[in-house]
Amino acid sequence: MSFRELRSYTEVMKALGYPRLISMENFRTPNFELVADCLYWLLHRYYPGVEIADDISTEADRVKFLQSVAQVMLTKARMKLNIKRLYAADGNAVKELLKLATLLYKATSKAGDTDNDDAGEIIDINASLKGFNPKDIKGAASEIIKAGAALYDALGQEPELREHRARAVAGHVDTDFVERSIREAIAQVEDNIRALENQMEDLERNEKTLDNKIEKKKQELERQEKRLSTLQSVRPAYMDEYERLQGELNTLYQSYLDKFRNLEFLENELEAYYIAEQDKMEAQERRLKKMQKRLKEEELRILRGEQEVDETNMNFDDDDDDESEQEGEEGEEGDDDEGGGYHGSKATMRRGPGGQGAGVGGAGGARQQGRGQQVMGNLEGDFEDEASIDEDDNTDGGDVSRAGSDSGGAAYAGGNGYANGYGGYDQGAYMNGGMDDDGQHFIQDDDEDDNNF
Amino acid sequence: MLGEPEQRVCQLDAYYTDIHWYPVSSKKTQAGGGDVFAVSCTDGSVKILGKTGRVEKSIEAHRGACISLRWSYDGTALATAGEDGSVKIWSRNGMLRSTLAQADSPVYSIVWAYDCDQLCYCTGNNVVIKSLMSNAKQNAWRAHDGVILKVDWSPINHLIVTGGEDCKYKVWDSFGRLLYQSGVFDYPVTSVAWSPSGELFAIGSFNSLQLCDRMGWAYSKVHLKDAGSVMSLCWTADSTQLAAAGGSGAVVFGQVVDLTLEDGKMQATVVDEHRIVANDILNENADELPEFRDRVIKVSLGYGYLIVATATQCHVYNTSNLNTPHIFDLKDTVTLLLQSERHFLLLDNSAGIQIYTYEGRQICNPRFQGLRTELLNAQMITLSNDTIAVLDQQASATTVRFFDTAQGRPLGDAWSHTLEIKEIALSQAGTINDRQLILIDRNRDLYLLPVMKRNIAKLAAMCDSARWHDSTAMLAAMVDQRLCVWYYPSEVYVDKDLLAKTRYTKADSDFGKSAQIQLFAGNRCLVRRSDGVLVSAATSPYPSVLYDMVRRQQWDKATRLCRFIKDPTMWATLAAIAMAAKELNTAEVAFAAIDEVDKTHFVRKVKMIPTEEGRNAELAVYRRKPEEAEAILLQAGLVYRAIKLNIKLFNFERALDLAVQYKQHQDTVLYYRQQFLRGAKQQETIQRFVQMNESVVVDIAAIKKKIEEEKIKETQRPGAKRYI
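Chains A and B, in that order, give the protein sequences.
Its first residue numbered 1, the first sequence is counted upward by one per residue in the working numbering.
Its first residue numbered 454, the second sequence is counted upward by one per residue in the working numbering.
These are calculated hints, taken from the structure and not from any lab test.
On a predicted model such as this, the values are computed, not experimentally measured, just so you know.
Just so it is clear, CB atoms sit at the ideal spot from N, CA and C, and this is done for glycine as well.
Please note that the accuracy of each hint is not assured.
[What the hints assert, rightly or not] Using C-beta positions, here's what the derived DEER-type ranges look like:
hint	chain 1	residue 1	chain 2	residue 2	range
1	A	R223	B	R895	47 to 55 Å
2	B	V675	A	N133	37 to 45 Å
3	A	A88	B	Q934	31 to 39 Å
4	B	C463	A	Y47	36 to 44 Å
5	A	S229	B	W474	18 to 26 Å
6	B	S587	A	Y47	30 to 38 Å
7	A	A88	B	C463	33 to 41 Å
8	B	S924	A	F260	55 to 63 Å
9	A	N198	B	V724	34 to 42 Å
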C-alpha cells in the first residue's frame, strides 16, 4: 500500500539513471534481490570507494549486508535506515530506499545546477579569451615588468618604512572613523551603482520603445507596399480608351504611310518619265548634230571638189540648197541656240525635281531598297513580274540622283541637307512599312512609332 | 497559459493522485452541476471540490491509494479505481452505487465508454472492458508484457490506447483488436490521452512527449528537459493544446502546430499559435497573415476561402485577397469547422451547430433534442450547399438527422439505421434533389441514402473510408484495401449490374488496412495509409470531362469521348447518366457499346412509344418502380397501357382491378389471363377471374380490334410525338 512511494521511487531511480527499469509491481511481493541491488548501486553512487560484501545468498549474509550498508550510511550521511523494513523488501522497504534515493536525487539536481554555472563560467573564459589579442598581451607583459621593478624598489625601501609602519601600528587607530569613512565610501559607490542602474533601465526602456516603433514602422511599410502592389496591379479606367485611340492612331498612321508611299512612288514614276523624255530629246539632238556634222563634211568635200557634184541633183537645188543650207545652218544654229536655251531652261526647270531626286536618292541605298520593297508591297505582289522594272526604276533613280548631284548638288546643298533629314525619316518609315506582311514586325513597328512620336 | 499559478485552490493532508473536472456539457442540464472537480488521494479518499477549493464531499473510497477517477460523460456517475484493485461507481453526490470489479492487483487507470454504460480499466497486464449491467459479459485481454499504467478510450472514435511498462503504447478498437503497436521506448509509457476530437492522442514517457495520429503513428516527439515522467496529460476541448504533468513537478504546455491545409493552389500552414502562413503555390509567394491577437484554434481551407477561428474571433479570408478578412466574434471555443461551397459550419459546445455565409453572416442554428456537440467530429456531421446531416449520438449513433441550411429546420424525419453508424458524408455536386448521403456503419458497409427519398442502398462491404468528389457526383472508397471509384453511384437504385460496370477499381494499388481517403478532387486521390504515409493515387480524368459535357447537354460530344476512350466503364457511366436524363439515343449507343443487348432493345422499344408519359412509365419500370409507372400512366389517362403494364408484370389481379375501375378492357385482361394459364398448363385459381369468366364474353377478334384502336388513339393524342 505505497502507491505514491513506489511511483516516486521509480521516478527518482529513472532520474538517477539506474540501469534497469523498476516496475510499479516489483515490490508487491518481497524482492530482496532488487532491494539489495538498488542499495548496492545507490551506495556506490553515494560513496564510490566503499567496500561492502555483496553476497546475499543466505539470511545471515543478507543481514550482514544490510547492517554494513546502514553502518556506512550512518557514518557517511548521518542517515538512519530501518534494516527490518529493508529486509522485508516490500512496499515499506521502498520508503527506506526512497530516503536514500531522494538524498542523492536532490544532490544531483543541485549539482546539475552548479555544473551549469561552472559550464557558464568556462564559456565566459573562453569568450574573454577570444577577445584577447597579442598587442594587449604584450602591453600587459611590459606592465608586469614595470610592476616588478616598482616592487623591487619598494622592497628596497622596506627597511626604512618598517620603522614608520611599526610606529603607525603601535599608534591608536580610530576604528570608528575608518568604519564611517568606509561606509560612506560604500554608500557613495552604491549611489553610483543605483544611478547607473537607473540609467540602464531608462536606456532599456528607450530601446524597447524604439524597437516597438521600428516594428510598427516596418509593419506599416509592409502594409503600404502591399497596397502599392495592389494599386499597381489595378488597371486605370482610361486605359481601354487609351488603347483604343492608340489602335486608331496606328491604323491612321498606316494609311498615311500607304498614301505617302504611293505619292512617292508616283513622283518617282513621273521623274522616270521626265528622264526618259530628256533622254529621247538628247538622242534626237545628238542625231541632229550628227546629221549636221555629216552634212557639213559633205558640203566641205563638195567644196573641195573631192566629190563630184551630182549636177543633176544639185543643179536646180544648188542655190536653194546653199541658201536653204545657209538658212538651215543659220536655222540650225538658231535651233542650236534655241535648243541650248531651251535645254538650259529645261535643265534649270529640271533641277527642281532633279534636286529633289537627289535629295530623295541621297537618302541612300537603304532607301532604295526600302523603296523597292515598298513598291512591291504596295502592289501586293500582283505585279511581281515587274520587279525588274522596279529595279530599273531604282537604278534610274540612282542615276538621276547622281546626275542631280552633279548638276545642282552644290546649288542645293541646303536642300540636300533637308532631303537627308527627310530621307532619314523616310528610311525608318519605309523600312518598317516595307514589312507590312509580318505580324511580328507590325508590333515592332508600333514600338518604333512610339519612339518616333 | 504562461505557467503562473493564479491561486492556490486548496491543500489537503494527503497527496493527490488524480483529478478530473465535472464534464462540461452536463453543467447546463444537471441541477447540481457547476464548477466542481473530483480528486483522488493517496490515503484512498476521493474528494469532490468546488472551484474555490471548498470540499463538497469526501469519501473513503479505497484501501490504500485511490489511483484513478473519472466522471462519466453525462456527469451522472463517478468511477474510481484504487491500489486495492477495486473499481467503484459513485453517484454525483458521492453515494456508492456499486463495486464493479475486484482485481487482484492495483488498477492504475480507468475510463468510461462514450455511452456511459461501459468502463474500461487496466490491471496488471490486462485491459478489461466491463459493462455496468451485471449480467453482461466482460471483455478482457492481455494487452502488454508489462504493467499497464494508463488507458484512454476516445468517446468519438471508440478506440482505446494503452501505455505500459513494457515501454510501448498500443491502439485497440473497442473489441480488443490490436490496431497499432509502437516500437519500444527507452522508458515506460506513463500516460496517454486522446484529444477530444479523436484525431490525435498524446503519449507521455520519461522526459518525452509524443503526438500521435489516431492510427498510432507519431507526428512528432519532444524531449522535455527535467520534466521527469509525464504522469498525466490533458487536452483542451478544442484539441489544439495540451498540458502535461511531469514527475519532477514540472507542468508542460503544448500546442499543436505545423498543421498544413491545401486547397487547389493554396496552402496554409499554422506556424505557431498566433501565426498562419498562406502560400500560393502557383505564384510562389508566401503570405503571412497579420498576427492573430488570440490563439488560433481551428483553420479550414476550401472553396476559395480560408477560415481561421481564434479563441474569440472568426476570420474569413478570400484566398484571392488575403488582406481584408470578414471578422466576427465568437461566443465559445470552436470545436469543429466545416465548409461547403456557399456556407460554412461552426460547432461549439454552447451554441451548437451554426451556419455562416462567407460574409460572416449567421444563417441558422439548427438544434435538436439530445445534440451532444462534444461527441461530434468531422465524420459525424456533414455539410453541403443545402443540407446538413448530423449523427445523433443520443440514440447510440444509429440515427441521422437532416436539416436545411436556409432556416435550419429539420428536413424530413430523422433516419435510423439498424447498426451504429461510423461515418457520414453528403455529396457536394448537384441540387438538393441529387443530394445523397453515404454512411459507413459498424460492419464497415458502405450505404447510399438519398436525402429526399430515403431508400437506402448498399454499395460495398469492407469499406474503410469513402469520399465524394469535390465537384461531381463521383464517389471514391477504400474497399477491401483497394481504391474504388464509382463514376455514377446513383445507379445503385436502378441497376446493380450496371453499377458494377460503372465502378473503377485501381487494381495495382495496395494501401494496406484502414487507409483513409483524405482528398478526392480533380483526378487525384490522396490516401493516408494506416502507417501515416500519404499516397497520391491518380484516377481517370475522363469522368469529370464526361460530367462536364453532360452538364452542358453535349450528348454527342460525350458519346464521341467514350468512343475515343474505348473504356467500358465510361460507356456504362454514360449509359447510366443518359438513362437518368432520359436521353434515349445516347443511352442506346452506350448500351450497345457495352454489349447490353437486352437494354439496347429496351431503349429502342421505349423510343417507339408515341407519348411522353408512356416513355416515362417505361423508364420508371426500368428503374424498378412499376407503381410509379402505373401512377404516371393513370394520371395521363393511358388506362390501357397501365393495364397492359400489369399484365406484362403478371400482376393480373391489379390489371383486373384497373379494368373494372375504368370499365374497359375487362375482356382483354381475361384473354391474357387465359393465355397465360394455358401456357403454364394451370387451372384458374383466383375466384374473381372465375366469376368474370362466367359474366364476360371473351371475343378474340373484338379484343384485337380494341387493342388496335387503343394504339391508334394513343398516337393521335395531342402532343403525342415519337422520340427523336
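Each hint tested on the structure:
1. Separation of R223 of chain A from R895 of chain B is about 54 Å and conforms to the stated range, judged on CB atoms against 47 to 55 Å.
2. Distance hint check for V675 of chain B and N133 of chain A: the Cβ-Cβ separation is about 43 Å, which falls inside the suggested range of 37 to 45 Å.
3. The hinted range of 31 to 39 Å is not satisfied by A88 of chain A and Q934 of chain B, whose Cβ atoms lie roughly 57 Å apart.
4. For the pair C463 of chain B and Y47 of chain A, the beta carbons lie near 42 Å from each other, so the given range of 36 to 44 Å is met.
5. Range check, S229 of chain A to W474 of chain B: Cβ separation about 50 Å, and the 18 to 26 Å hint is violated.
6. Evaluation of the 30 to 38 Å hint for S587 of chain B and Y47 of chain A yields a failure: the beta carbon distance comes to about 58 Å.
7. Taking the beta carbon of each, A88 of chain A and C463 of chain B are about 36 Å apart, inside 33 to 41 Å as hinted.
8. Hint check: S924 of chain B to F260 of chain A, Cβ distance near 59 Å, so the stated range 55 to 63 Å holds.
9. Distance hint check for N198 of chain A and V724 of chain B: the Cβ-Cβ separation is about 39 Å, which falls inside the suggested range of 34 to 42 Å.
In summary, the numbered hints that this structure violates are 3, 5, 6.
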